[in-house]
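Chains as they are written, first to last, in the numbering used here: chain A, 270 to 665; chain B, 902 to 1076; chain C, 3 to 607.
Just so you know, the hints here were simulated from the structure itself, not pulled from any lab data. Beta carbons: idealized from backbone N, C-alpha and C, even for Gly. Heads up, a few of these hints could be off.
Quick list of the computed label-pair ranges, beta carbon to beta carbon [as the list claims (entries may be wrong)]:
hint: 1; chain 1: A; residue 1: P312; chain 2: C; residue 2: S4; range: 23 to 33 Å
hint: 2; chain 1: A; residue 1: E576; chain 2: C; residue 2: P33; range: 23 to 33 Å
hint: 3; chain 1: A; residue 1: A489; chain 2: B; residue 2: K1036; range: 54 to 64 Å
hint: 4; chain 1: C; residue 1: K270; chain 2: B; residue 2: I918; range: 19 to 29 Å
hint: 5; chain 1: B; residue 1: F1053; chain 2: C; residue 2: P577; range: 46 to 56 Å
hint: 6; chain 1: B; residue 1: K1047; chain 2: C; residue 2: T24; range: 43 to 53 Å
hint: 7; chain 1: A; residue 1: N310; chain 2: B; residue 2: E1051; range: 53 to 63 Å
hint: 8; chain 1: A; residue 1: G497; chain 2: B; residue 2: E1051; range: 33 to 43 Å
hint: 9; chain 1: B; residue 1: I918; chain 2: A; residue 2: D461; range: 47 to 57 Å
hint: 10; chain 1: C; residue 1: L151; chain 2: B; residue 2: K1047; range: 34 to 44 Å
hint: 11; chain 1: B; residue 1: L960; chain 2: C; residue 2: K270; range: 50 to 60 Å
hint: 12; chain 1: B; residue 1: E1051; chain 2: A; residue 2: E576; range: 53 to 63 Å
hint: 13; chain 1: A; residue 1: V364; chain 2: C; residue 2: V114; range: 45 to 55 Å
hint: 14; chain 1: C; residue 1: D128; chain 2: B; residue 2: I918; range: 41 to 51 Å
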Amino acid sequence: MSNTIFDWKKDRSMFPEPDKDGKPVVELDSQKYIKVWQGPNHPGVTGNMALELTISGDEVMEAKTHVGYLHRGFEKLFERRRYMQCFPTSIRMCVPEPDINEYNLSRGTELLSGIEVPEMAGWLRMIALEMARLQVLLRTVPGQGGTIGLGLPAQWGLYYRELILDRFEELTGGRIYHMYILPGGVRGLLPDGFKKRLEDNLVKIEAFMKEVDRVVYSNAVFKKRTKGIGVVPPEWIDQYGATGPVARAAGYKRDVRKDYPYLYYDRLDFDYNVEHESDVFARFHVRRKDVDTTIDLLRQIMAKMPEKGELRAETPNVLHWKIPRGETLVRCESSRGEYLFYMVADGSIYPRRINLRGPSYTHGVVLLEKLLVNANISDVSSIMVSLATCPPEIER
Amino acid sequence: MNEIIEHIKKRFPVYEIGEGPNGVILMSVEASRLVPMLTSLKTNHGYSILVILSTVDWLEDCKFQLTYIVNNPEEKRDLGIRVFIQREDAEMESIHTLWEHAATFQREIKEMFGINFPGSPGVDDQFLLEGWDNKPPMRRDFDTKKYAEETFFPRPGRETNDPAAYMKQKLYPDE
Amino acid sequence: MSLKDIFSPFTAWGKAFEKPVTIKDPIAERPGADRYRGFHKNDISTCIGCGTCETICENEAIDLVPVEGIETKDGDSGLRPRVDYGRCCWCALCVDVCTTGSLSLTNTYTWVEEDPEAYRFTPGVDEKPWDKEEKGWKKPEPGYEFYNLNRVTMEHLEPEERDDTFIEMVKGFSKEQAEKEADRCVECGICTATCPAHMGIPEYIKAIRNDDLEEGLRILYDTNPLPEICGRICTHKCETVCTLGHRGEALSIRWLKRYIADQNPSEKYKKILNSEFIEKNGKKVAIIGSGPSGLSTAHYLALMGYECTIFEKLSKAGGMMRFGIPEYRLPYDQIDKDISYIESLGVKIKYNTQVGVDITLDELGKKYDAVFAGTGLHMGRSTRIEGTDHKNVYQAIDLLRKITLGEEVPLTEHIVVIGGGNVAMDITRSLARLQKQKYGKVGIITTSLETEDKMPADREEVIETREEGAVVNPGWAPQYIEIENDKIKGLHVAQCYSLFDEEGKFNPQCNLDNLQFFEGNMVVESIGQGMDLSYLTEDLKHDLEIDRRGRIKVNEYFQSGIPWLFIGGDIIQGPDVIHGIANGHKAARGIDEFLFEEKKDTPKP
Ligand SMILES: Cc1cc2nc3c(=O)[nH]c(=O)nc-3n(C[C@H](O)[C@H](O)[C@H](O)COP(=O)(O)OP(=O)(O)OC[C@H]3O[C@@H](n4cnc5c(N)ncnc54)[C@H](O)[C@@H]3O)c2cc1C
Ligand code: SF4
Ligand code: SF4
């Protein structure tokens, strides 16, 4: 019964048929396949990114990631920007969670020029980073439901996200692009009464998460549609450099905040959120637990941070801040996993190279392309969202 | 840590070994010895993750620097290995056999810097730049500003003045 | 999966009974946060158009444009930033970097216009609805600066280390200090217009940052051939307009100049300045006086290939720089360094040759193709109060000259100095040093018409004078010098309450009920100097145009009514070295033009 429609799952090597070099050819004229473009404008795609899917029936045979719809060449633009001028540009490399860029760029600049930021600024950076994480998770956790048609909780989540954006607005002056962490420190102390307002928001968010639990987490349809779907074999994690919730859902204890502690994370008490099934549900579950961890961390930070302190270290004049030749690696844990900058300074006022390696670089390309093979087309968005791909961080 | 460095030093002709500001150990090696070295690091020393493959254009030295950063998740350590290659007809051995996703990095580098990685799957496929017909844009001799000025037109009505030059023109034009 | 998993999602219906959380449009009722980064606001009366905001803007969203009604003047370029919201990303770096603190962002959320051009405007000039809005992004305070507002402290000799010696008191910057100070510069270039010689200040400061001091020296010599001197005693008008001075301390421009000159050894000057071979053009120019104006003229003419000869009345070159300014402020070897470089260009100096006595101006006019006169102000003015004809009443300028020449300086244990300017401080401090050397203590009182706040002397001069033990007691008008048995007893003064009358004319008024007596056996007058133009014969004067106040009229190239005679320095403009240098530079260009271009064939008288 080879080559029948029931059989191909077992023997995919013959389907699509290989050419004489052994490379499978999807012979569109054979009428066995259709090519479907999911994206670049598609509600089931995160950001402006396209998936070129070759399907047979409703099974995906081959998937190809296409990025480049957003490419603005930030890494190129850095070449003619002073270190200080890079930071408002860098944030655009990840729209939903811009703060990690600010942090990495600032930290890298400080490392390369040997500057230590004041303690207060360090704690404030943690507040911003954790708020940013929470704000993203409020979209992606209920949003995972959205990918299978549970749109409502995703909508609700947006409101709770706005609450955090309100806090961002009063702390940083911006809602989406915060431009708060900058080389040398941060740009403002907590406004009066900020802690109280944030705490009120956290309480509301906790209550909301209970709702998400009821409507999404313990939802028969959701479980049915996410368990056993998009399974990342654990041995792929290192091989493809997968990080963050994807790695943790596969049973790995991986969290930059714990493995390579930065700022004052080593003074906070938290644990890895690990699951083992490594499917869409497990990744959702890890993120769901991350929400609680983040809320808890915000509380810890507010309790432990100093009351007063300096905002910014003394730095050379930002107009001609030259950095001696050197290279460094800065990483932090984003909501999606390890977020890493490789920075090279050449002794001038402009960086020689700032190279970003975000989790999506593999999650969104190799991993996604592999996971989609044999997936049902209706699960494509679900798998994609569970990997939290973010095209601007691939394109930069 | 020192152990492994000693070990590498014995087996591979590494030079410029130094610690970066974040505690990352960086070293340079001849291009031809890179793949054996990475293989040994990966298989024998637990450096199982390819964190980043990055390129730096040292235009003034006519060199490209390729930086391979590998990570040992058990020991939580990074090792950066630099390789310098000629800028002219730049080519480097592919490492997709060690890490499949290196192909993505290599494909991007081919497109952005014009460095070829023969044998790397899809290395000639466009990654970001559909229909690009200019120099590989991340090369330092590609001038973004000039390109933008030639390709697009500026918004009319933009003009600026340098304070010192303007003051001279106003206050002491012929001195 | 359990039954619960089937039922629990239905709890979502509960939401149907909750109050909606959305805000009704228009959202104006919800104002932006206090720090919100909305559209720009600029206090244009504070802004000086330095353009630092333009420099930092990573999106090139800012243009500096002239604004009607804002004049270009010292310390204000007359330009103001115009923002293009097609490019701005509201990062507010421009606000944080603004040197005067004039720029801010408002917390306006929304603004809709149909005309796209409306989104490019000059904040503060083009009226906007939020102009009165107080809230919005401002530079965070305190301790948040993009550059250092405080100077690197210049080390000085302590008062007790310096009060009996003429050793230079300012120590000069080390490399590290100079680079740190140079780092503060924002390169706006506002200072260049104010410098009388229009020196390339931001450029040479940049050379310090780049540690390229040879380039720095070249930039200095473009406009100023006396950098060692100016780097020490320049009146630094530039620093008064430095944009950093608006919120902090102005840059130490003068000390940075000194640093460049100090670090370059004189042996290398000719190589660095590329003046080893100069082609002569066969023309000769005579220069009267080796003060800054004369030296500057000679320097620039020599570079152009002229053969220059300086005629100097005294035995040493430098004019007031050597014979006026005391050594502790300007050591002689530094004067020598600058002057010997000028001499190395082939400039000859004829010492002890007074024009009008040893050689006439007419003769010079005949022997040379052109003449520049920069003879300065060397005759002390007297208050002419009763007793000033006594032999123990001296002119500051004469005493300073004696000190330089190493001649015997008259000295008593108690001295009274009249004058409130820098020259008065110079003589006070010089005499105080001599007193300390001779008597082991200082006994000197300096008084002036002007009250403390109006004294023309630099503030730090007054402070340092006091630190060295002299008494400065300003606000008194001298009445008469009391003399008993042909010996001076002291100076009688009355309180002076106003200097100028209603028309603004100098007319000091004093209160004769409030009198004081300053004891002293010697009085020094330091109330200004006059010029000695005796070398101008009646014939020559006939051809010159002289204004009511006795000043000779010259054109913009310092050319007098006699075409071959150029005049500059203190006798024309003054009052300081840098003006003399600028005059000389300009005159050199004028002479070049006069001799080579237009008036090539004009017969000489
Ligand atoms: C005590 C004192 C302190 C000062 N401090 C400062 C200061 O800190 N900073 C500053 O910028 N400025 C200072 N000044 C002012 C400054 O020195 C003068 O403005 C400047 O030197 C004027 O330059 P000049 O070329 O016009 O003439 P001068 O420097 O006065 O030089 C004129 C030269 O001409 C010579 N001369 C005159 N008549 C004849 C003749 N008939 N024949 C031949 N030679 C002749 C004189 O001997 C003299 O050498 C000070 C002045 C004084 C008196
Ligand atoms: S930086 Fe400030 S003072 Fe300077 S031009 Fe801009 S707004 Fe005006
Ligand atoms: S806010 Fe930022 S982008 Fe806008 S004008 Fe200022 S510096 Fe430029």
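Evaluation of the provided hints:
For A:P312 and C:S4, the Cβ-Cβ distance of about 31 Å falls inside the hinted range of 23 to 33 Å, so the restraint holds. Hint check: A:E576 to C:P33, Cβ distance near 28 Å, so the stated range 23 to 33 Å holds. Distance hint for A:A489 and B:K1036: a CB-CB separation of about 56 Å, consistent with the stated range 54 to 64 Å. Between C:K270 and B:I918 the beta carbons are some 40 Å apart, a value that contradicts the proposed interval 19 to 29 Å.
Evaluation of the 46 to 56 Å hint for B:F1053 and C:P577 yields a pass: the beta carbon distance comes to about 55 Å. Judged by the Cβ atoms, the range 43 to 53 Å given for B:K1047 and C:T24 holds: they are separated by roughly 48 Å. Under the hint 53 to 63 Å, the C-beta atoms of A:N310 and B:E1051, about 30 Å apart, miss the expected range. Hint check: A:G497 to B:E1051, Cβ distance near 54 Å, so the stated range 33 to 43 Å is violated.
Distance hint for B:I918 and A:D461: a CB-CB separation of about 52 Å, consistent with the stated range 47 to 57 Å. For the pair C:L151 and B:K1047, the supplied restraint of 34 to 44 Å holds, since their beta-carbon distance comes to about 37 Å. For B:L960 and C:K270, the hinted distance range of 50 to 60 Å is not satisfied, since their beta carbons lie about 33 Å from each other. At roughly 55 Å, the beta carbons of B:E1051 and A:E576 sit within the given window of 53 to 63 Å.
At roughly 24 Å, the beta carbons of A:V364 and C:V114 sit outside the given window of 45 to 55 Å. The given range of 41 to 51 Å is broken by C:D128 and B:I918, whose C-beta atoms sit roughly 60 Å from each other.
The structure does not agree with the numbered hints 4, 7, 8, 11, 13 and 14 stated previously, though it agrees with the rest.
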